[in-house]
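Engineer: Model the placement of chain H on the given structure of chain U, informed by the hints.
2 protein chains.
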Amino acid sequence: MQELKERILTDGKVLPGDIIKVDGFLNHRVDCALMSRIADEFARFFDIDNVDLLLTAEASGIALTAICAMRYGKPMLYAKKAKSDNIEGGLFTSEIFSYTYKKKVTLLVSKDWIQPGTRVLIIDDFLARGEALRGLCDIVKQAGAELVGIGCAIEKGFQGGGDHLREMGVNLHSLAILDVAEPGHIVFRDDE
Amino acid sequence: MQELKERILTDGKVLPGDIIKVDGFLNHRVDCALMSRIADEFARFFDIDNVDLLLTAEASGIALTAICAMRYGKPMLYAKKAKSDNIEGGLFTSEIFSYTYKKKVTLLVSKDWIQPGTRVLIIDDFLARGEALRGLCDIVKQAGAELVGIGCAIEKGFQGGGDHLREMGVNLHSLAILDVAEPGHIVFRDDE
Chain U
1 MQELKERILT DGKVLPGDII KVDGFLNHRV DCALMSRIAD EFARFFDIDN
51 VDLLLTAEAS GIALTAICAM RYGKPMLYAK KAKSDNIEGG LFTSEIFSYT
101 YKKKVTLLVS KDWIQPGTRV LIIDDFLARG EALRGLCDIV KQAGAELVGI
151 GCAIEKGFQG GGDHLREMGV NLHSLAILDV AEPGHIVFRD DE
Chain H
1 MQELKERILT DGKVLPGDII KVDGFLNHRV DCALMSRIAD EFARFFDIDN
51 VDLLLTAEAS GIALTAICAM RYGKPMLYAK KAKSDNIEGG LFTSEIFSYT
101 YKKKVTLLVS KDWIQPGTRV LIIDDFLARG EALRGLCDIV KQAGAELVGI
151 GCAIEKGFQG GGDHLREMGV NLHSLAILDV AEPGHIVFRD DE
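Protein chains in written order, with the working numbering: chain U, 1 to 192; chain H, 1 to 192.
Just chain U, with the same shape it has in the complex (with noise of 0.2 Å):
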């Protein structure tokens, strides 16, 4: 998506550790037009009609795919990231590591709201190393939902995380890949 990657160039700045900061615009402070026309973009890839529910991650998923949701007329469902009171009764649950905060995290879905066949698109703001989207695919697939694809606006293409479900078959679709980001010096993959 040209806009998003122009965006990213102009700003984005990318810090050492491999850390890309969009927090200007994707994932602190919020551009909420963009991520209207991020909506419209995935819906280019994605047969909505024939998806029930969007599901992300909180905290940095649940703006873009809110709008998504909206955008759709579609329900929106986000896995939370540690036991709270607010949520009684049967969890799904699944385990990842948060590079972000260095720690594990265990994501939780009420099993109220996901059932055997709901079609679920996942969606969400940034793909590194892929656990937050393994941790969801495997929710999805404890539910026996079925799983229409992943919708991301960012994807760190050379930490592999993206590549490695596109191995396992998932239909993903990244909206600006970075292949290289260093200092000064961000390459794009090539749009599909």
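No incorrect hints appear here.
Put simply, identical chains are the same to the list, so a pair is met inside one copy or across any two.
Okay, derived cross-link-like pairs now, DSBU-like style, lysine-lysine, Cα gap no bigger than 30 Å in a straight line:
(1) Lys141 to Lys104
(2) Lys111 to Lys81
(3) Lys104 to Lys81
(4) Lys111 to Lys21
(5) Lys5 to Lys102
(6) Lys74 to Lys13
(7) Lys13 to Lys141
(8) Lys13 to Lys111
(9) Lys111 to Lys5
(10) Lys81 to Lys103
Bear in mind the hints are in silico, worked out from the structure with no lab data behind them.
Structural biologist: Relative to chain U, chain H alone:
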């Protein structure tokens, strides 16, 4: 807001410990069409033309705030709740007590995205004791920004957090204020 109150009565559940469970439409599974109508309702109370930025706290405030931001054509900013490597440089911080997680939590906002004079509307899904909102107001003040008001979807009136903010002169509007919430028995405060 009549629709929201009816939804609380039909789909909400009061659990022991004063917990209002609305995870079927507000803070786990999210009904984004309802969020959109909540956004329109907030716009009746606040002069959106004179707002520069919508501010909320992760995670449950993000979906509603993103949809408000999209509908109003404004940027949004969400306070993070733990120090991550992806936020460099200057931060505004405010320590709050999370009754949900029963521990102290620090709200973080990058100084890059809120300036002196920025006119801020705070949005949140839930107001109980008001700790998160107190922290967000504190950050607005530290930044020298201007607090236009606070829009909340659901307020637990009986916990007093909202009334305390009103007594401090904050322009707070909640769309459904629960003055009594016991299993099987909910009483809403009259609309303003």
